[in-house]
Structures are given as structure tokens and as C-alpha cells.
Amino acid sequence: MPSSHLSYWEQFTDEVLRLAAIALGGDTTDGAETVRRLPSFKAPPNSPASNKALSQAITDFGRKVENDLIGTWGRLLSADVETMSRIAPLLALLGAAETSTARRRAITSVGGDKDGSWTLGAIQFVLPHAVRELAPSARLSRAGFVVIEDTGPWARRSIWLAPNLAWQLHDVQDRCDPELPHSLERFTPEHPQKSDKRFVLVAGHDPLSRKQRAADLLGGPDALVISLATESIPKDGAISALSVAEPSSAQWAALLREATLCGSSIVIDLQGPLPVSVRTLIQDVDHIRWGISSTHHLSIAEIPNLPWVEDTVQQTRGETKTTEQANKPSPSSIHRLTRTQQKQVEKALPNLGGDAESATRRLISGEIDRLATRITPRRGWADLVLQERELKAVRQIADRYRHRGKVLDQWGFGAGNATGLIALFSGPPGTGKTLSAEVVCCDLGMDLFRVNVASMVSKYIGETEKNLERLFNAAETGTVALVFDEADSLFGRRGEIAKSADRYANLEVSYLLQRIEAFDGLVFLTSNLQGNIDPAFTRRIHVSVAFENPEREERSKLWQLSIPDGAPVHNIDLDFLAGLELTGAEINNVATGAAFRAATENSSISMEHLMNALEQETTKQGRLVDPRNFGPYAHLIT
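So the sequence shown is residues 75 to 712, counted in our numbering.
Hints in this document: simulated from the structure, not taken from any laboratory. A portion of the hints provided could be inaccurate.
Under the rule of at most 27 Å between Cα atoms (straight-line distance), these lysine-lysine pairs were calculated in the DSS-like manner [said to hold, decoys possible]:
id	residue 1	residue 2
1	K421	K480
2	K417	K466
3	K631	K540
4	K631	K466
5	K480	K466
Label pairs and their in silico Cβ distance ranges [as the list claims (entries may be wrong)]:
id	residue 1	residue 2	range
6	L698	K631	27 to 35 Å
7	P381	A176	47 to 55 Å
8	P381	C336	20 to 28 Å
9	R444	N379	40 to 48 Å
10	P424	C336	28 to 36 Å
11	E264	N379	26 to 34 Å
12	V350	K417	29 to 37 Å
13	N676	Q588	41 to 49 Å
14	P609	L698	33 to 41 Å
15	G226	S529	52 to 60 Å
16	E560	K631	25 to 33 Å
17	R444	F487	32 to 40 Å
The beta-carbon is built from N, C-alpha and C at its ideal position, and this holds for glycine as well.
Throw the hints in and build the complete structure from the sequences for me.
Below you can see the structure in the form of C-alpha cells.
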């Protein structure tokens, strides 16, 4: 409401109040005396007030401010000249009530509230044909420009301008509306599109990209974005879904008002279905451009009954080098982050001394820690002892993940294909399957999460799928790898349906097959027998490594690695130890057990300690202790 025209608003309102006071009791009433104190008081006419006089006052007012109203408020409300001719008098009365204490007393005298606010009854008395413009479905109410008391008799309900509009009467351009939703974000169009549609639908995996695309399609100075999401919270040790509450009626009014005043569009970001109330609001408020941003395409039943423009944002990931890489000529880890993840990392950098590696790892918050066990990789390639064929295949996994941005996005191999990476490690226990996954993640700068299969599988129908969905959703928010140890129980062969439980078990495997293929990350499956894995999974595995028990050369290296350089040793026969047919895990267990025996005796690690630890390990494995296997050291067994 431009201040240069404020006197017109006041003069019109004072004229209306003067005529109303005369109509109520002539020139001798208390109301008439109150009216005389108005800033723009003029001597009353000789004849009493009439509809004709009031109509003439409205006409005179309209001529003076019509152009400004239509050019400013009319544009914001998308109202034509005829509509503005009905709205203008109401805006004048409500606006003038905010600028003078004397005027508020006069409003009380003609039927207004005792605090000087207009009431619906008073408006009905002075402007009988304009009160309909205050209905909930009318433009002033839909735009949030007016506030109407929602209790009490209709005629006594107070009405006033929204607070930030009242501030503008005093040339205070306040944009900090306290009623705006706390989740509100503002997006400025980067590549604005020209379209005559006032409603757009954008679907995509990355929240930042799809919100920005909606803002581009809607154009305008900016887009006001609010989230109606579904998030998971812990409750009594379990994970349960909590729907974020819709904005209150006051918050919706503030949002509509802000969009109207700024000429902004409104984008609603969804992670679930569109509430019916919001769909109705989009249909009814037709002076605002609307957008819906969601992870999925809405069904036809959810979409408001409006012409729309639809777009799908294809997820692309940029390669973000870590601080460690900046100091090394050969990169050790490159994270392919979505725009949302890149923004989150950039925001956290000042608090982490510019360490992008730490910021990237912190993308994963608490939920995945409740669903899987975090393993912070510390062992590198030097700690991994495998046969040459196995080692080459494991290195291929790291190289493939590191360069997938170039191959899938830049070279176009990702079109229509799954963008994740699935590796199957099969072989006897203790041959380095989980260690290999840790080494790959250490090289890539990723955290590894071991999935507790027992916590995923539920006897209740549908619960297993829900647990898996929560796991993959949490993992997709950051750059992590998942390892399913003993994956046979989840990824096993689907069997014939002999009873109803078999049908549901097969459904779980089918769901997991679809979900793991859609996962845009790194997944390790470990199994003692590759043949136990469902063939449908096998076809989707990108890299398969069959681990074998180590040969003598590998066992020698494993024994050297298992006994640190700083450990005190005495006459260790590495050649004999390398001849023992043990796995890497068993070698590590024997070396550690011997170290504790030596520490208990406060002595150096000797062959006696190693032989006794070997005997214990053999018994633990359920194998018969044969002294002949201990060769020249059989006499050391206690």
C-alpha cells in the first residue's frame, strides 16, 4: 500500500464513518461527536446519509486510486478491474483503521469491536455489497491479506489486515513474517522457463535438484518451498515412521500472503502422498503458481484438477575430491555426490577445518547406525594378502567405483542401467572376504556398514521389506558401502511354493532383488558357497570373487602380518608355521592367542605359545588334535 496514496484511503474511510454515524442517529449522537474528531472531518451535509451518498464517496475514492490499486494489488491478486473495484473499498477501510487511534474509536461507535477493529457486522452496515469479498473462498482471504476471528457470532467477529501488511502502511517492508513455516526455503530460478501453466510436477531422487527444477519451470522472482515429508525416528529401540505435520491454517495464510506480496510461486516437496487438503488448496487458490516436487510420480487421483507441466530430474552426481586428494598426485577417493549432498558438505566444511573427507563421512546420520554396524576402515592394500587373481579382482571393484562418474554419466553408459555396484565374495570362512570389503572402502574413503541379517528378517508379513527399505533409504543419503555377511539367508534361492509361508519368503527375495538393483551405492555380499545365491542375483552382480584358502606363500605373509614388528618374539619358525594349512582368520587368532599367553607369563612370544594357541584354535573349530600335525613342536603341547 504505497504511502503516497495513504491520504486517499483515510479520506474515504472518514467519509464512510461520517455518513454511517449520521445514519445511526444524526448529528447529536456520541458517534457523531467521535466522527468530528477524525483527521479529515468536514462539516456534514444538510441531508442525512443515504446509499447514494455512500456510493458517490466510493466512486470518488475509486477514481483517485484505481490505477494504483489495479497496477499493484490487482497484479498481485491476479484480479481484474471489476474485482478490484469491489476489493478496494475493503482494503481502504481495513488499512485506515491501522493508522489512527481516533479513527478506531469512530469504528467502535458504528458497530466495530471495542478495541477499534472492524467487525463483519460493521462492514455489512457501511459496505453491504462488499462484505462478500471477505468470504473464505474470496481472493482477500485466500491470499492471507485479512485475518477474521473464527469464534463468536458472525456479526461480532473482528477483522483486520495481516500484521505485515499493516507494517507496510508505515513504510516498513517487513518480510520476516513470524507465521511462516519453519521449513520454508527460497529457491531463485537458475534457468527460468516460460510457460503459461500455473501448476508443475517434478519427480526425482535428489531433493535439491528437483526443487530447483520446479523453481525454474515456474519462473518468477523465487519459489517458496515447504516440505511435507515422512521421516523415521527411534522409538523403544525400533524405527517407526512419523509424518511431518502439515502447516497450520495460520502458516498456510502466511505462506499464501508471502507468495502474493512477492510474486513468488509455492513448491510443495513430498516424500509421501499429497494430502487431500493441500490438493484442494492448490485448486482453489488460482492467483498463485504451484509446484509439487516428489521422489515419485503422483497418481492421477492425487493430482489437482488443473492443467500441468511434468518433468523428471535425472540424478547426476559430481565427483568431489577430498582434502587428502589435494595433497596427493594420485587420487585415493572420489565421492560422487548429489547436489543436495554437495551443499551439505560445503556447509559443514568451515566447522571441520575444510576437511571434506570428514564432512562427506558425516553425511550419514544416526538412522543407519541403528540398522547396521559401522566399520571405520583402517586397513589398506598392504594388509590384504590374497592370491594374485583374487587381489586383481578386488582392486577392480575400487577402480570401477572410483570411475563410475566418468563412465556412467559423462560417457553415457548409465542410461537405462543400474548405477550401483554389487560385488559377491564367496569362499570358505576366514579367507578375507570381509577384510577385502574393508580395504576397498578404506581406499575409497567410505565407511562400511555390516548389515545384521537377523535384525532385517521378521516373522511378520511385510516387516522384512520395511526393514530393508529403511536400510537402503538411510544408506542412500551418504557415501557408504553395505556388506551383507552370510548373505545366503537373504539372497538364497527361491523355492517351490509348498505352503503360504513359502510364497511370502519368495516375495521377500523378489523385493530385495528389485531394491538392491535400484540402490545407487556399493554393496558387498559374502557367502560360503556361491551356489547358494539365487541365480537372479547372480545375473545382477557386477564383480564376483571366489576366495580360496591361502597357499604357502600367502600363509607366510599372513604370519608376518599377524605378529607386529613391535611384539617381542623368540625363535619363531615362520617356515614351519607357513606349512600349516590355516586360513587367514585362523592365523590371526593363533598369533593373538599366543601373544596373550606370553603377556601372562611376562615373556616373549615363542613357538610354545604358538603351539598351545594352535591347539586351542583346532579344538574350537571342532577338529581332532593330531600331534603329527605339530611336527617337531608336538612336545610343546600341554
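The hints, checked one at a time:
With a CA separation close to 26 Å, the supplied pair K421 and K480 stays within the 27 Å bound. For the given pair, K417 sits about 36 Å from K466 by alpha-carbon distance, which is inconsistent with the 27 Å threshold. Pair hint K631 plus K540 does not hold up; C-alpha atoms about 44 Å apart against a cutoff of 27 Å. The straight-line distance between the Cα atoms of K631 and K466 is roughly 17 Å, inside the 27 Å bound, and the hint therefore holds.
Under the criterion of a C-alpha separation no larger than 27 Å, the hint pairing K480 with K466 is consistent with the structure, at around 21 Å. Between L698 and K631, the C-beta spacing of about 28 Å keeps the proposed range 27 to 35 Å intact. Distance hint for P381 and A176: a CB-CB separation of about 51 Å, consistent with the stated range 47 to 55 Å. For P381 paired with C336, a C-beta distance near 24 Å keeps the hint of 20 to 28 Å intact.
Checked against the hint of 40 to 48 Å, the C-beta distance between R444 and N379 comes to roughly 42 Å, which is consistent with it. Here the CB-CB span from P424 to C336 is close to 30 Å, well matched to the stated 28 to 36 Å. Checking the proposed 26 to 34 Å range against E264 and N379 shows it holds: the Cβ atoms sit about 30 Å from each other. Between V350 and K417 the C-beta distance comes to about 33 Å, which sits within the given range of 29 to 37 Å.
The hinted range of 41 to 49 Å is not satisfied by N676 and Q588, whose Cβ atoms lie roughly 59 Å apart. The supplied range of 33 to 41 Å is met by P609 and L698, whose beta-carbon atoms lie about 38 Å from each other. For the hinted restraint 52 to 60 Å between G226 and S529, the CB-CB distance of approximately 56 Å keeps it satisfied. The supplied range of 25 to 33 Å is met by E560 and K631, whose beta-carbon atoms lie about 27 Å from each other.
Distance hint check for R444 and F487: the Cβ-Cβ separation is about 35 Å, which falls inside the suggested range of 32 to 40 Å.
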